[in-house]
Amino acid sequence: MNGDPAESRARLYLWWSRLAAMTAKELIQFGRDTLLLIAIAYLFIFDIYMAGSVSMQLNHAVVVVHDADHSAASRELVYRFRPPYFKLGGEVLDNREGQRLLDQGQALVVLDIPPDFEHDIRKGKPVDVQVQVDASNTVLGFLAASYSAQIIGQYGFDQALSRLGVTERSIQNVPMIQSQHRVWYNPNQRDAWFMPIAELLTVITIMAIMLPAAAAVREKERGTIEQLLVSPLTPIQILLPKVIAMTLVILLGTAVSLFFVLHGMFDVPMKGSLALFFAVTTLYTFTTAGLGLYIATLSRNLAQAAMLAILVLMPMIFLSGAWTPPEAMPAGMRTAMFLSPLYYFIEMGYGILLKGAGLDVLWDSLLGLALLGMVIFGFGVWRFKRQFG
Amino acid sequence: MKIRRIVALAYKEWREILRDRLFFALAFVVPASLMLIFGYGLTLDVEHIPFAVVDHDKSAMSRDYLHRYIDSRYFDYKGDVASEREIEPLLADSRIRLAIVIPPRFQENLMSGRAVEVQTLIDGTFPFRTSSSKGYVVAINAAFNGELLGSYISRRLGVSAETAKAMAQPVGVQLRYLYNQEVKSVWSIAAVLMMFVLMITPPFLTALGVVREKENVSIYNIYASTVTRGEFLIGKLAPYVAISVINFLILWLMATQLFGAPFKGDPLFFLLASVIYVTCTTGIGLLVSLFVRTQVAAMMLTVIVTIVPSVLYSGLLVPIASMDAAGQFEAHLFPAMYYTDIVLGSFLKGVGLEQLWGKVLALLIYAVGLWTASFLMFHKRPKS
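Line order of the protein sequences matches chains A and B.
For the first sequence, position 293 (counting from the first letter as 1) is numbered 293 according to the working numbering, and the numbering increases by one without interruption.
For the second sequence, position 215 (counting from the first letter as 1) is numbered 215 according to the working numbering, and the numbering increases by one without interruption.
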């Protein structure tokens with residue numbers, strides 16, 4: 001080992017050239033599978049584009065009205081249920097009809113205005129409006145209920161003010177709190193900024209685990225691993241090229257998707273440093289590949305590997321903070337979240353792209369990812385070496 | 001088509017699955033574990049929003065106002081900061097998601113009958129959470145305003161506090177959440193998860209099963225045998241459909257027993273609709289496997305046609321009603337959406353065939369279409 005410098009330089013050169021040759025082999029093998037290439041291009045481009053058309057806002061939810069009063073006051077209330085959140089779906093004559101529309105999913109909200117609505121308001125007698133909301137989809141049900149309550153509350157408040165003779169101009173002279181909302185980072189709350197980023201990070205995760213796992217298991221299943229093992233390659237030289245090649249593919253896909261889809265089509269601002277984003281992505285893909293290698297050592301064929309990958313991937317994707325807010329999760333799950341590398345990646349991805357955060361803010365997430373990644377990758381390599389060493 | 005050959009083929013496939021112990025175990029472990037993890041972990045309730053406060057007034061009234069946030073389960077108080085400038089790094093680091101700025105002379109202005117502006121800064125990174133947080137803030141403000149107006153009226157008009165309160169809030173709201181009274185997301189999630197898990201696992205099980213024969217070239221045994229195309233496809237798939245039906249029963253039990261989701265519909269109808277759905281998803285796996293030559297490609301293609309649509313276009317996280325036209329179109333292309341309606345209808349709404357026949361028909365057409373396509377695409381004499 002401690003020979004003269006020239007010899008150790010030659011050794012080093014040999015080591016690297018073997019690594020490069022194997023990486024080239026992985027890339028060529030990868031490039032020959034046309035359908036696989038199409039699938040990956042689809043995921044990075046079309047799929048992320050489609051994600052931008054998806055929204056979690058209340059969008060023209062159908063409201064049907066059972067108006068037992070038919071007065072000016074009730075009409076004014078009904079007309080406040082306007083697009084973009086709501087859309088009036090007409091009137092029903094009784095509650096049973098409303099119930100039927102809810103059952104069939106043709107309406108989300110049934111608004112029930114009692115008889116003598118206007119009369120009671122004029123008399124100063126409190127009156128209740130009934131709102132029935134289909135809560136079988138909790139996201140929609142919750143938003144619909146919350147907005148309906150806001151609209152009716154505001155209506156009541158306006159009625160009270162007008163009875164007091166308060167006008168637009170004298171409103172400053174009523175003691176009340178006027179809410180001023182300022183939304184940062186995504187001022188118009190465009191889902192087209194949130195969803196495609198979430199989807200991109202998901203796609204990166206799926207590939208970072210599945211591709212290296214598949215590349216390794218395939219050699220096992222076909223028996224070509226035996227050929228590699230009898231060659232002068234060390235286990236590291238067999239495994240690293242797989243990870244390097246897949247990381248390159250993923251980085252290329254990420255770049256295409258970031259510039260053409262996210263920035264080109266959805267105007268995602270990309271406030272922070274792109275160099276930092278790519279550095280983080282590289283670190284993430286490289287280390288998460290360790291999970292793929294670990295899966296590869298556990299399975300004998302690709303069917304097993306795929307099932308294991310799903311078992312790991314799905315919880316990672318859903319429970320890492322993009323879909324479910326960490327603060328609302330049960331305590332045990334929250335702790336588990338900190339073990340998911342995707343949690344840190346999401347934090348940094350949104351931080352860099354939308355918030356323009358730099359290393360001064362994100363250093364703790366980066367440290368978390370680096371430490372966790374080292375453990376995962378180290379574990380994967382250790383298992384791989386033990387199996388094939 | 002001979003039943004005997006189909007049975008023999010199915011038996012052969014079954015033996016093969018059984019001998020692959022790990023795969024056999026995973027076929028049941030994966031769906032159940034996904035259900036378990038998501039059932040407990042996947043919550044869309046927006047609660048415990050971390051927030052900070054800039055209180056320029058520091059009066060009794062501002063404290064009373066802020067306590068409405070601090071005492072609410074929707075918010076999680078993270079402390080006071082001295083000025084607006086300190087908010088930005090906290091928001092950027094996601095340590096808080098919301099900040100409330102109370103202006104100077106808050107109490108003084110309100111006491112002397114003037115309006116004040118309270119500023120709320122919200123992190124807009126996750127739009128759904130942002131709109132929910134806004135809703136909470138508006139509700140708290142509305143309640144506070146109602147009280148302010150009440151005491152203002154009672155002072156100005158000299159009426160009793162009771163009358164003043166009625167005058168300040170003339171219209172009340174009676175909210176009724178149908179089908180899911182407490183808006184427990186675990187109820188609808190446990191139900192919808194059945195759709196999700198059954199969308200993902202059967203195609204993966206099947207897709208790799210057929211391609212494996214191709215990649216290992218053991219499919220030539222089939223090519224050379226007297227088995228016909230139809231017999232091969234049915235025999236090959238029967239075990240996978242059977243596994244998926246068993247999984248469906250396990251998931252059903254988990255949803256109702258473990259997560260306590262109410263089941264109001266007709267069990268027989270639900271069972272039949274689910275068998276059709278499982279046949280669909282298995283068929284997707286089959287079709288994928290006929291398209292590709294390698295298992296890796298089969299895996300990625302299955303990801304595309306199952307995971308992606310079931311996340312985005314099934315109604316699990318993203319309500320289909322709020323999509324735009326393109327999204328709605330895409331959603332109608334996948335069977336997941338129809339089954340979601342069937343599951344929610346059967347679990348929470350208690351409606352049956354007369355309301356849902358359209359969805360069942362769509363699934364049936366889908367299943368027949370997939371199987372026909374597979375039948376046409378599978379050749380015993382491949383070109384290459």
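Hints are not guaranteed to be accurate.
[What the hints assert, rightly or not] As a list, the in silico DSSO-like pairs of lysine-lysine whose alpha-carbon atoms are at most 27 Å apart:
1. B:Lys380 - B:Lys2
2. A:Lys87 - B:Lys380
3. A:Lys87 - B:Lys134
4. B:Lys165 - A:Lys123
5. B:Lys359 - B:Lys380
6. B:Lys165 - A:Lys125
7. A:Lys271 - B:Lys134
Keep in mind that the hints were calculated from the coordinates and are not lab data.
Does Lys380 (chain B) lie within 27 Å of Lys87 (chain A) when you go C-alpha to C-alpha? 55 Å, violated
Could you grab the alpha-carbon distance between Lys359 (chain B) and Lys380 (chain B) and see if it respects the 27 Å cut-off? 35 Å, violated
Restraint check for Lys165 (chain B) with Lys125 (chain A), where alpha carbons must lie at most 27 Å apart: Holds, at roughly 11 Å.
Regarding the pair Lys165 (chain B) and Lys123 (chain A), is the alpha-carbon distance no greater than 27 Å? Status holds; Cα separation ~14 Å.
Lys380 (chain B) and Lys2 (chain B): Cα distance at most 27 Å? 17 Å, holds
Sort out whether Lys134 (chain B) lies within 27 Å of Lys87 (chain A), counting only the CA atoms. 21 Å, holds
27 Å Cα cutoff - pair Lys271 (chain A), Lys134 (chain B): 25 Å, holds
The earlier numbered hints that this structure contradicts are 2, 5.
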